[in-house]
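Working from the sequences, and respecting the hints, build out all of it.
Protein chains in written order, with my numbering: chain A, 1 to 329; chain B, 1 to 251.
It is worth saying that the hints were derived from the structure and are not from the lab.
It cannot be assumed that every hint is accurate.
Stated by the list, open to error - Far from chain B, some chain A residues (derived; all Cβ distances over 12 Å): (1) ALA5; (2) THR142; (3) LEU192; (4) ALA199; (5) ALA252; (6) ALA270.
To be verified - Each pair of labels, with its calculated beta carbon distance range: (7) B/ARG13 / A/MET1: 46 to 52 Å; (8) A/ASN172 / B/ARG13: 52 to 58 Å; (9) B/ASP121 / A/ALA156: 54 to 60 Å; (10) A/MET1 / B/ARG63: 41 to 47 Å; (11) A/ALA266 / B/GLY27: 43 to 49 Å; (12) B/GLY136 / A/LEU298: 54 to 60 Å; (13) A/THR229 / B/ARG177: 36 to 42 Å; (14) A/ALA7 / B/ARG63: 41 to 47 Å; (15) B/ALA111 / A/ALA36: 53 to 59 Å; (16) B/SER23 / A/LEU132: 35 to 41 Å; (17) A/LEU153 / B/ALA173: 57 to 63 Å; (18) A/LEU233 / B/ARG177: 41 to 47 Å.
Idealized CB from N, CA, C, for every residue including glycine.
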Amino acid sequence: MSPRALALALGLLVAALFAASLLVGPAGLPPGASVAALVRGEGGPLTLVMREIRLPRAILGAAVGASLGLAGAAMQGYLRNPLAEPGIVGISASAALGAVLAIHTGLAAAFALGLPLAALAGAGLSVALLTLLAGPRGSTLTLILAGIAIGALATAITSLVLNLSPNPWAANEIVFWMMGSLADRSFTHVALALPFMVAGWAMLAATARGLDALTLGEDAAEALGIRLTRLRLTLVGGTAAAVGAATAVAGAIGFVGLVVPHLLRALVGAQPGRLLWASALGGAAMVLAADVAVRLILPERDLKLGVLMALVGAPLFLHLIWRTRREFA
Amino acid sequence: MTLLALDGLTVHRGPCPVVDGVSLTIGQGELVGLIGPNGAGKTTLMRAALGLLPHRGESSLARLSPRERARAAAWMPQMREIAWPVSVERLVTLGRLPHLGARRATDADRAAVARALEWMDLAAFAGRPATELSGGEQARVLIARALAQEAPLLMADEPVAGLDPAHQIATMALFRRLSEAGKGALVSLHDLGLAARHCTRLVLLHHGRLVAEGPPEAVLTEGNLRDVFGVRGWFGATEHGPVFQPLELAS
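What follows is the structure, given as structure tokens:
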């Protein structure tokens, strides 16, 4: 498939799913009137639902998915490993820890942005720790090891908070938050997370050239004029901004960053630079689709987005492994 | 014109120097063979010369900015890494990165890639995923990538190891032709026969030191072979050109 055709196909898919995300919901509103209410904005409950509930949810779905897909593709390209995902450097676990601490201490209840801000702080802290541990010139291996250590530590502290939580309701709230969801998000969340995500996208997009060169290994890439230290800082910073902000507003949503680059790799001729934008669109489509699905499958039970994603993502991933195994057999 | 000038280049790994005070210049028209036993410091010398390793002493390439350096010298590492199943043509196009900047590939870029594919006998493979090729074919793809860079100086670490005889000879002859056309090359080699036949000059490294330098017949002497490689060999100026054959271990 030519890059232009692929971009068009993915773009149309995202647009269609964005529209579906706007039109599907528990309120069961007629589509025509919904769109009219969204565009014209005559006040009234229909406009309120469309503008204050569904529109921010759809925007966040697309932005969170794009962040996860883009960061996943960049991480796989940098580590030259198709099993890498944004979570491997511990950023999502640290953002989740920040959020969990906010819930536990009551910061989340004290003001609306307490939770996402704490999650962003967690992501920022983990990146500072990561660059400190892995050093400015270290190899990709030290980055992975430092990331795994930070992720394990963050997960351990999260468990400790759960362990020591004073009552079952607090623990319940934490567990439900960690499953990941886009329900009941407002434009306040969009305004907080979107600037970080856009900054993260810009940084990750700037790594395309370096990631292409890394196909030949670190030595050859450096001799081709790529500054590896700068590339790594850009990658880690961009991942922290995009994935940290995504986790801050949506909770932990796995598998998008792992599966989407896998699905699209063959369609872009395996070139890591081109896989970036394709995975951003693919990730947006995947999260939007899953977020529509949670509203259709069990509308009254509040099925969590992260749960559905893992349920669909894991078998999909197994299928991909199965196919790859046959190719190399 | 000088393409590479090293002055007292020294690289330490721990307390011992791996490359010890090497001074060397390479000019246009030269195909310099870097020879020496395993662990002599050939790879380290080339990486330090490019500024990829911390070093003491001077290297004209290491002083340049990464961008300028990539236009001054192409580097083919010994480790033949191809991380993703990209097509051969696209992989070779990576050699054009230092010329591309933000703009798309131009006709000049495409011509350089096509030329490199032709030189390395890869035109038939252009659309195939590079990872599906055999080891020797992948090596040729990576040589083509370095050639597509069209830098004045080519530095290659054992480029012909693992190639079949026809492609070994073709590659060395191509390097020689490119040198005669005004480029220069520094190539590390273990095959002393190929080194003797094709290189304009040999540089012999031993324990990180430059112990001999000059035309092949002046470097592949009985004394050097015995002291550095521990072998005896036969060197002859024949009607087919210079021929060298290692014969047996020196006792």
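Comparing the hints with the structure gives:
1. Every C-beta of chain B lies more than 12 Å from that of A/ALA5, the closest at about 17 Å, which supports listing it as non-interface.
2. For A/THR142, the condition that its CB be more than 12 Å from all CB atoms of chain B holds, with the nearest at approximately 17 Å.
3. With a closest Cβ-Cβ approach of about 32 Å to chain B, A/LEU192 is found to remain outside the 12 Å limit, as its non-interface label requires.
4. Look at A/ALA199: its CB is around 20 Å from the nearest CB on chain B, clear of 12 Å, so calling it non-interface holds up.
5. No Cβ of chain B comes within 12 Å of the Cβ of A/ALA252; the nearest lies about 28 Å off, and the non-interface call holds.
6. Distance to chain B contradicts A/ALA270 as a non-interface residue, since its nearest Cβ pair spans about 4 Å, not more than 12 Å.
7. At roughly 48 Å, the beta-carbon separation of B/ARG13 and A/MET1 lies within the given 46 to 52 Å, and the hint holds.
8. At roughly 56 Å, the beta carbons of A/ASN172 and B/ARG13 sit within the given window of 52 to 58 Å.
9. Between B/ASP121 and A/ALA156 the beta carbon distance is about 56 Å. The supplied range of 54 to 60 Å therefore holds.
10. Checked against the hint of 41 to 47 Å, the C-beta distance between A/MET1 and B/ARG63 comes to roughly 45 Å, which is consistent with it.
11. Evaluation of the 43 to 49 Å hint for A/ALA266 and B/GLY27 yields a pass: the beta carbon distance comes to about 46 Å.
12. With their beta carbons about 57 Å apart, B/GLY136 and A/LEU298 fall inside the hinted range of 54 to 60 Å.
13. Taken as a hint, the range 36 to 42 Å holds for the pair A/THR229 and B/ARG177, whose Cβ atoms sit roughly 38 Å apart.
14. Look at A/ALA7 against B/ARG63: about 42 Å separates their beta carbons, and that is inside 41 to 47 Å.
15. Look at B/ALA111 against A/ALA36: about 57 Å separates their beta carbons, and that is inside 53 to 59 Å.
16. A hinted range of 35 to 41 Å holds for the C-beta pair B/SER23 and A/LEU132, which are about 39 Å apart.
17. Judged by the Cβ atoms, the range 57 to 63 Å given for A/LEU153 and B/ALA173 holds: they are separated by roughly 58 Å.
18. Between A/LEU233 and B/ARG177 the beta carbons are some 43 Å apart, a value that agrees with the proposed interval 41 to 47 Å.
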